[in-house]
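Q: Sequence:
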Amino acid sequence: MNDKTGKYSIYKISVIGLMAAMVFIATNFRIEIPTPLGKTMLHLGNVMCLLSGLLFGGTIGGLAAGFGSAIFDLFDPAFAPEFWITFIMKFAMGFIAGKISHMNNYDGENKRINIFAAIIGAAAYVILYVSKTIILQYVILESNWEAVIAVAGTKFVVSSVNALIAVIASIALSVLIRPALKSAGVFNKMSSI
Numbered sequence: 000m001n002d003k004t005g006k007y008s009i010y011k012i013s014v015i016g017l018m019a020a021m022v023f024i025a026t027n028f029r030i031e032i033p034t035p036l037g038k039t040m041l042h043l044g045n046v047m048c049l050l051s052g053l054l055f056g057g058t059i060g061g062l063a064a065g066f067g068s069a070i071f072d073l074f075d076p077a078f079a080p081e082f083w084i085t086f087i088m089k090f091a092m093g094f095i096a097g098k099i100s101h102m103n104n105y106d107g108e109n110k111r112i113n114i115f116a117a118i119i120g121a122a123a124y125v126i127l128y129v130s131k132t133i134i135l136q137y138v139i140l141e142s143n144w145e146a147v148i149a150v151a152g153t154k155f156v157v158s159s160v161n162a163l164i165a166v167i168a169s170i171a172l173s174v175l176i177r178p179a180l181k182s183a184g185v186f187n188k189m190s191s192i
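Quick note on numbering: numbering that gives the first Met the number 0 labels position 117 of the sequence shown as 116, and the sequence is numbered without any gaps.
Keep in mind that the hints were calculated from the coordinates and are not lab data.
One thing to keep in mind: the hints can contain errors.
What the hints assert, rightly or not - Okay, derived cross-link-like pairs now, BS3-like style, lysine-lysine, Cα gap no bigger than 25 Å in a straight line:
1. K110 <-> K98
2. K188 <-> K131
3. K181 <-> K131
4. K188 <-> K98
5. K110 <-> K188
None of these values were measured; they are calculated from a predicted model.
Given only the sequences and the hints, what does the whole structure look like? Please build it.
A: Set out below in structure tokens:
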């Protein structure tokens, strides 16, 4: 962790920690939905996962999304065994959104690219989440196909609603927050360290 290279400076680690805390807090704003083979939930954590990527790029956004979501899982006995899977899936969500929004030196300021980035990041998460559900239910728990389809279908609908909310809210927050971060010199400090 060399401050001269800026790869993992104290400033960047602090931003990852702050955004991870925001992901954790936002995930606590939720509505739990029981299903026959487990629970799922509508929550605002995905908003912060996408926002982390849109504001700070792929690596920082991915790490913040992954850590914040994994820590949330560790506090809930129903989700704790899968915290590492959640880390991977949420990392992918933030990383993909961040990489797309910051590609070709756009620095996350192009609104059309940010919309595309948020949609692709959210869609990637929905695909990963539903795939994990199918594998868990069919292969590991050996549920019958009817049960697997019922659970995966419910989780697909809930995840899609989460994704839609996350895309809209993260784009709106990005537009509102970016100017304040820019005028405070946050982006300059992160690139110069």
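Q: Given the hinted pair K188 and K98, is their alpha-carbon gap at most 25 Å?
A: 20 Å, holds
Q: Check whether the Cα positions of K181 and K131 lie no farther apart than 25 Å.
A: 38 Å, violated
Q: For the pair supplied as a hint, K110 and K188, confirm whether the alpha-carbon distance does not exceed 25 Å.
A: Cα-Cα ~23 Å, so holds.
Q: When you check the alpha-carbon spacing of K110 and K98, does it fall within 25 Å?
A: With a Cα-Cα distance of about 14 Å, the restraint between K110 and K98 holds, given a limit of 25 Å.
Q: Hey, K188 versus K131, does the alpha-carbon distance stay inside 25 Å?
A: 38 Å, violated
When the structure is compared with the earlier hints, violations turn up for hints 2, 3 and for no others.
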